[in-house]
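Novice: Chains as they are written, first to last, in our numbering: chain P, 1 to 60; chain H, 1001 to 1357.
Wrong hints could be hidden among the right ones.
Covered by chain P, per the in silico footprint, the following chain H stretches (three or more residues, Cβ under 8 angstroms) [what the hints assert, rightly or not]:
| no. | stretch |
| --- | --- |
| 1 | 1024-1037 |
| 2 | 1218-1232 |
| 3 | 1236-1242 |
BS3-like mimics (lysine-lysine), calculated; alpha carbons at most 25 angstroms apart, straight line [to be verified]:
| no. | chain 1 | residue 1 | chain 2 | residue 2 |
| --- | --- | --- | --- | --- |
| 4 | P | Lys50 | H | Lys1246 |
| 5 | H | Lys1270 | P | Lys37 |
| 6 | H | Lys1085 | H | Lys1246 |
| 7 | H | Lys1346 | H | Lys1085 |
| 8 | H | Lys1076 | H | Lys1270 |
| 9 | H | Lys1076 | P | Lys50 |
| 10 | H | Lys1246 | H | Lys1346 |
| 11 | P | Lys48 | H | Lys1246 |
To be clear, the hints were calculated from the coordinates, so they are not data collected in a lab. Note that this is a predicted model, so its numbers are computed, not measured. Glycine included, every Cβ here is placed at the ideal spot set by N, Cα and C.
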Amino acid sequence: MPDFLKGNFRPAKPVTGPDTSAEEEDLETRFEREAVKRLGGSMAFVAKKKVTWSLDDNES
Amino acid sequence: MPTPATPRSTVQGETARRLVADMERITMDRIGAHAVENAGVNRDLIASGKTIADLRDAGIGGGDSAIILAAGPSIKRHDPIRLIKERGYDGTIIATDSAIFYCLRNGVVPDLAVSLDPHGGRIVRWFGDPDLTFERCAQDDYFRRQDMDDSFHNEIRSNEEVLRLINAHGPQIKIALATSSSTQVAGRAHQSGMDIYWWNPFYDDPDRPESITRRLWERNRVPLMNAGGNVGTASWMIAHAVLGKKHVALCGLDFSYYADTPYQQTQYYKEALEIVGADNLEEMYIHIHNPHLDQGYYTDPAYMWYRECFLSLVPDADCTTYNCTEGGILFGDGIVFTPLRAFLDKFAPEPTGTRRS
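One chain only, chain H, in its complex shape (with noise of 0.2 angstroms):
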């Protein structure tokens, strides 16, 4: 492992900081290739499927409020959809890919989920990889390694339940899959059942001299949708752009970590050492203060740069935002920062205990 040439005073954040003014850049490098050729590979799956414009007419959800299930380490620590069923939320419940096994080892279907990261060998375990095998998990501690849904630790056994509940409900549950999906994630989506629903993520401005994305869209005619940088902005966009929702709640959007969380449990902890080096962690993670909660958090440039993503779209937004992460640094001019019990007061008013199936 390479160590710095020579001693450097370490600032903290000071490498996170340059790298989230360039994340726009180092995305796009990143997934660009891979996202547009996703496209082209699922194109007959798109030509014979639906698109988020049907979306519209499909009933999704009851009311004008939505609840995003996504998958931060708030989910773990305050377990959100506890509350949601003995309230007897009857709203719209909106899960990433990463919260589908969260809801359905709890008992519930979400009304819709979303999906739109072009890899293929790990966004496919959210929906149950059947050719995982013991070398593989060998080979890639990724999920292990996180502070995320603690059922990965055990990953084999973990996958065959995931296989399974998505196989009994996938029939039930609607998606909105994004055309860079991997061939492996509309693979199991399809085999599963689901009800795809499909959409091409803004790449750049389409009014641009040689857009891709405008190119895409001449190619498969899809509707395009703000991803806003990851999943769970993406199912609040489509809360509120698409099903009209005008009382968007999120839980498990952190876009940090936990301040007790060890920096190897961090998703690009490998990174940061090869940029920075053991000794200069601190330069890779942004410290922040949340007011509301009076607690530190932690986060990395491609989670800064979620957020700052985020309070840029918010202003205008269809929708009144109610963050009830009840963690993380998802805060500012726009968002309603308030409790997930306090949201339900408002519109899960009268507890059933039970959630419509």
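Bound-form chain P, shown alone (with noise of 0.2 angstroms):
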């Protein structure tokens, strides 16, 4: 674009556009996101359990 329009003067203040930045870091969050849901162990872990045969209350 810079090649086709040229101006002839120069801008009191600095022209910016838009802001690119926050779509390209949620497509990284993104992209991040979905593969770590692909991560992750092959069952869940619960700690101080081993084995327990009922949950009735009067089996142990």
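Mind docking these for me? Both chains are given alone in their own frames, and the hints should help you get the complex.
Specialist: This is how it looks when you write it as structure tokens:
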């Protein structure tokens, strides 16, 4: 675009385009989030548990 | 493939450690719904079958020792089954699903197999996938790429051999099958004549309100067991907490990769690329020196989490744990890190050259 539109004056204030860095970061975050979903163990882990034969109160 | 928007300094293992800290949630997000759904689909097989409570009286293996055979890279490097056979070890052999084929092609029928991963298409490969096609192999390089059982490199031929051996020996194999297992795996276990003993994994604390674990138990009344995140740890848990074995050896529980393994051969390589980019892969792997072997290994977030889970379970174990992997990063308080030969000197002192079938 700068090759086609050449100004013949210097603007008083700097001209800035739309900020696309947030959009790029969102894309990167999204890729990471999707990839992270595929990580993970084969099964859950619950601390301090071994085997529980029954959850009935009158059985152990 | 995305690349980082701005250059960043690579800190070895930095991203990996952050993911390890969050791995419980990541795991539940990945497998929770699918696993519980599988329990529903498997309900008819579960209702008509046995549970791990029945394993207590099933006379699994001899003596009070057990050897867990998993599928870490040390299996290929050390071939523990050769020594187990030479010594005529007569204790209990428990194989993870990923190690059943290793046992069978070496003429050993494990006393018990264990499976839990809800992934349908991949885990069934350990049992032989009757629906495997060349096209499916071409679409998924998961087995080809990794430093796993070498024979999977020729996938179609390997699959046929796995099918043949599983079909031939299925009726001799008892399997502790988690209710989370896919219908493909449950189907293969049933179809091949395996003797199935069901168990529910813990997903959360059943004493909490709205517990998934409690709701699942109320539906199928199957005993609950802590899998510790992976099938190797679950196999160890079964050995002492269900079968009552007092001396449990681990083979193939590396929870890591050998230092000469290219990153491309690691399980989550593709995900690592997507998360940190090719230039920052060091962030996704944690390097650990094993002082018992004076050797370095590296691991990824999932396997590091497995290590942490296992180490937290060891103090409450009902057994002495011997890590006879002769590789890897599973060492620490409560674990006797020792060669397999030393374990067999104690529990198979009179070499007979043959193991009972």
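Novice: Hint by hint, say whether it matches the structure.
Specialist: Evaluated hints:
no. : hint                  : result
1   : 1024-1037             : holds (count 9)
2   : 1218-1232             : holds (count 11)
3   : 1236-1242             : holds (count 3)
4   : P:Lys50 - H:Lys1246   : holds, 15 angstroms
5   : H:Lys1270 - P:Lys37   : holds, 12 angstroms
6   : H:Lys1085 - H:Lys1246 : holds, 21 angstroms
7   : H:Lys1346 - H:Lys1085 : holds, 15 angstroms
8   : H:Lys1076 - H:Lys1270 : holds, 23 angstroms
9   : H:Lys1076 - P:Lys50   : violated, 30 angstroms
10  : H:Lys1246 - H:Lys1346 : holds, 13 angstroms
11  : P:Lys48 - H:Lys1246   : holds, 19 angstroms
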